[in-house]
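Novice: Now for the letters of each chain:
There are 2 protein chains.
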Amino acid sequence: MNDLKANLRSAQKEVDKTIKSLLPFGKGIEKKLFEAINYSILSSGKRLRPFLVIQSSKLFDVSEKSALRVASSIEMIHSYSLIHDDLPSMDNDDLRRGLLTTHKKYNEATAILAGDSLLTLSFQVLSDTLTHSDPRIRCDLINELAKAAGAYGMVGGQMMDLEAENKKLSIGAITRIQMLKTGALIAYACNSGAIMGRAEKKEKFSLQGYAHDIGLAYQIRDDLLDVTSTEKELGKKVNKDKKAGKKNFVSILGKERAKKQLEFLGNQAIKHLEVFDDKANLLREVARFIVERDR
Amino acid sequence: MNDLKANLRSAQKEVDKTIKSLLPFGKGIEKKLFEAINYSILSSGKRLRPFLVIQSSKLFDVSEKSALRVASSIEMIHSYSLIHDDLPSMDNDDLRRGLLTTHKKYNEATAILAGDSLLTLSFQVLSDTLTHSDPRIRCDLINELAKAAGAYGMVGGQMMDLEAENKKLSIGAITRIQMLKTGALIAYACNSGAIMGRAEKKEKFSLQGYAHDIGLAYQIRDDLLDVTSTEKELGKKVNKDKKAGKKNFVSILGKERAKKQLEFLGNQAIKHLEVFDDKANLLREVARFIVERDR
Numbered sequence: 001m002n003d004l005k006a007n008l009r010s011a012q013k014e015v016d017k018t019i020k021s022l023l024p025f026g027k028g029i030e031k032k033l034f035e036a037i038n039y040s041i042l043s044s045g046k047r048l049r050p051f052l053v054i055q056s057s058k059l060f061d062v063s064e065k066s067a068l069r070v071a072s073s074i075e076m077i078h079s080y081s082l083i084h085d086d087l088p089s090m091d092n093d094d095l096r097r098g099l100l101t102t103h104k105k106y107n108e109a110t111a112i113l114a115g116d117s118l119l120t121l122s123f124q125v126l127s128d129t130l131t132h133s134d135p136r137i138r139c140d141l142i143n144e145l146a147k148a149a150g151a152y153g154m155v156g157g158q159m160m161d162l163e164a165e166n167k168k169l170s171i172g173a174i175t176r177i178q179m180l181k182t183g184a185l186i187a188y189a190c191n192s193g194a195i196m197g198r199a200e201k202k203e204k205f206s207l208q209g210y211a212h213d214i215g216l217a218y219q220i221r222d223d224l225l226d227v228t229s230t231e232k233e234l235g236k237k238v239n240k241d242k243k244a245g246k247k248n249f250v251s252i253l254g255k256e257r258a259k260k261q262l263e264f265l266g267n268q269a270i271k272h273l274e275v276f277d278d279k280a281n282l283l284r285e286v287a288r289f290i291v292e293r294d295r
Numbered sequence: 001m002n003d004l005k006a007n008l009r010s011a012q013k014e015v016d017k018t019i020k021s022l023l024p025f026g027k028g029i030e031k032k033l034f035e036a037i038n039y040s041i042l043s044s045g046k047r048l049r050p051f052l053v054i055q056s057s058k059l060f061d062v063s064e065k066s067a068l069r070v071a072s073s074i075e076m077i078h079s080y081s082l083i084h085d086d087l088p089s090m091d092n093d094d095l096r097r098g099l100l101t102t103h104k105k106y107n108e109a110t111a112i113l114a115g116d117s118l119l120t121l122s123f124q125v126l127s128d129t130l131t132h133s134d135p136r137i138r139c140d141l142i143n144e145l146a147k148a149a150g151a152y153g154m155v156g157g158q159m160m161d162l163e164a165e166n167k168k169l170s171i172g173a174i175t176r177i178q179m180l181k182t183g184a185l186i187a188y189a190c191n192s193g194a195i196m197g198r199a200e201k202k203e204k205f206s207l208q209g210y211a212h213d214i215g216l217a218y219q220i221r222d223d224l225l226d227v228t229s230t231e232k233e234l235g236k237k238v239n240k241d242k243k244a245g246k247k248n249f250v251s252i253l254g255k256e257r258a259k260k261q262l263e264f265l266g267n268q269a270i271k272h273l274e275v276f277d278d279k280a281n282l283l284r285e286v287a288r289f290i291v292e293r294d295r
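Protein sequence lines correspond, in order, to chains G and H.
The opening position of the first sequence corresponds to residue 1 in the working numbering, with each subsequent residue numbered one higher.
The opening position of the second sequence corresponds to residue 1 in the working numbering, with each subsequent residue numbered one higher.
Pulled out of the complex, with its shape left as it was, chain G reads as follows (with noise of 0.2 angstroms):
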């Protein structure tokens, strides 16, 4: 585990460089814009959507740089989604990682364009001959980033997310949910590196299963912390799916079952990665992190 942590941190500096240097910048009366992009963007996180895909190019042995980039473009995606999720008219929420939400520290109109142009650029960033040199490759990036982040992905996992308020869901309906919201993205991190490593079908599948069960435990794991931990300690409110009157997997499973739920699908997600060799070691370690963490 202190080899994934180290791990992570450095991934993180190198993908935190690579968005420094893709971001707007200037000094206009629209100035905000750019403090705002970068406020939202740089202001910490785990980085491990990023992570995902550094891990899984090596896996195909596809250059850092193309590895960077693309981690850089889905964190723009994933920094735009926390952004418009926080605004009043959705979740509402004050605290990210424990400093203000976008529109708190500015407001909601600079807030909404910061998450647009962040948006905007990740598929900028993915077009660009610079992330890789074959162009059915970029296109393939963009067309399966476009599928995982839109109506049919983390977007309407996002509508019903907040249509589920108050409605009595079945674990099967709240899944599909947190598979949209969280699942898709998280799939889609695992799923670059194989596009840009040209992978073989069986090796995709694999990827495929991985990212799958890493993506349901991870939202396990939240629900489990929503109950069990102190505004303090996880950076943002707890207990709000109740307060919303929102069913989750606790809720519903109750803590016992929801935990062997959890580790049920860390271990399985270790075992779709029996394909790969020694490779694959940190994405074994990602699946026991996020099986164990704290916040």
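Derived from the structure by calculation, the hints contain no laboratory data.
Since we're looking at a predicted model, the values are computed, not measured.
Be aware that a few hints might be false.
Repeated chains share a single entry, so a pair holds when one copy, or any two copies, can fit it.
In silico lysine to aspartate or glutamate, EDC-like type, Cα no more than 20 angstroms apart, as pairs [said to hold, decoys possible]: (1) Lys167 to Asp91; (2) Lys201 to Asp61; (3) Lys147 to Asp278; (4) Lys147 to Glu35; (5) Lys27 to Glu165; (6) Lys20 to Glu108; (7) Lys201 to Asp222; (8) Lys104 to Glu163; (9) Lys65 to Asp241; (10) Lys58 to Glu231; (11) Lys27 to Asp91; (12) Lys246 to Asp91; (13) Lys32 to Glu163; (14) Lys31 to Glu163; (15) Lys31 to Glu165; (16) Lys104 to Asp94; (17) Lys20 to Asp294; (18) Lys27 to Glu163.
Got chain G sorted already, so can you dock chain H onto it with the hints?
Specialist: The following block gives chain H in isolation, referenced to the frame of chain G:
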């Protein structure tokens, strides 16, 4: 002009058919999202940008299918920008083309997500092999659109426009804001045909000059209509800039000088098309239409 109107109408039909075939649909708990997307983009509009894509494509014998898909993508971006700009935290508009704006018809969260979906879908469509057989051209289309729509383009222009309230701006500053806020996407529409048709530099420059002039002319006409029309005629609020304490072309130049500048730009736009033969006749008509339009 009758020729233009008939051509605009038939292009609108074709574009709307293509857009409909590309929009997400479904009956799940998130169905309000799909409804809002449909409502926003299909509630009419002049389809000026799509028409520019189609006509610039005709100059270089680009296939109709490619032109229609790019035309649809650009209308998705335009539509998303209107949805977000209309929000209470931005321009706070209740009416658009005589209909309720998306957040008034649904709610703010749904409007934000509908805009996010359309923005994302636009890049998904462009990256698809059905749009153009050459992946290099698809990447160019995506890269240029992202630049035109992002923080250094349309979104940056919107941020400038919001910041411009109660500021004393020069005519140069206002020109810059409008060139980004509305001009960048119009320029992209004209440029997209040249990208797909692998136009020569000279032809690209001519189209850029044309796009620059009609983009500015369009905004001056908008500013004139804002002070000379009624809410009923325009289908949206009038005298908006004055109420918001915003300077525009008319408030700085006065009505008469603004009208002269408008006509000058229209004529200059047509001059830029001299390198093209009769194939550019409808683009010439568009320039005249923009100068004379009454809504």
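Novice: All hints, please: hold or fail.
Specialist: For each hint, the structure was consulted:
no.	hint	verdict
1	Lys167 to Asp91	within (16 angstroms within a copy, 34 angstroms between copies)
2	Lys201 to Asp61	within (17 angstroms within a copy, 39 angstroms between copies)
3	Lys147 to Asp278	neither (31 angstroms within a copy, 41 angstroms between copies)
4	Lys147 to Glu35	between (29 angstroms within a copy, 19 angstroms between copies)
5	Lys27 to Glu165	between (42 angstroms within a copy, 18 angstroms between copies)
6	Lys20 to Glu108	neither (23 angstroms within a copy, 31 angstroms between copies)
7	Lys201 to Asp222	neither (31 angstroms within a copy, 54 angstroms between copies)
8	Lys104 to Glu163	between (24 angstroms within a copy, 17 angstroms between copies)
9	Lys65 to Asp241	neither (40 angstroms within a copy, 47 angstroms between copies)
10	Lys58 to Glu231	neither (36 angstroms within a copy, 60 angstroms between copies)
11	Lys27 to Asp91	neither (32 angstroms within a copy, 23 angstroms between copies)
12	Lys246 to Asp91	within (12 angstroms within a copy, 32 angstroms between copies)
13	Lys32 to Glu163	between (33 angstroms within a copy, 9 angstroms between copies)
14	Lys31 to Glu163	between (35 angstroms within a copy, 10 angstroms between copies)
15	Lys31 to Glu165	between (37 angstroms within a copy, 15 angstroms between copies)
16	Lys104 to Asp94	within (6 angstroms within a copy, 25 angstroms between copies)
17	Lys20 to Asp294	neither (28 angstroms within a copy, 46 angstroms between copies)
18	Lys27 to Glu163	between (41 angstroms within a copy, 13 angstroms between copies)
Of the numbered hints listed earlier, those contradicted by the structure are 3, 6, 7, 9, 10, 11 and 17.
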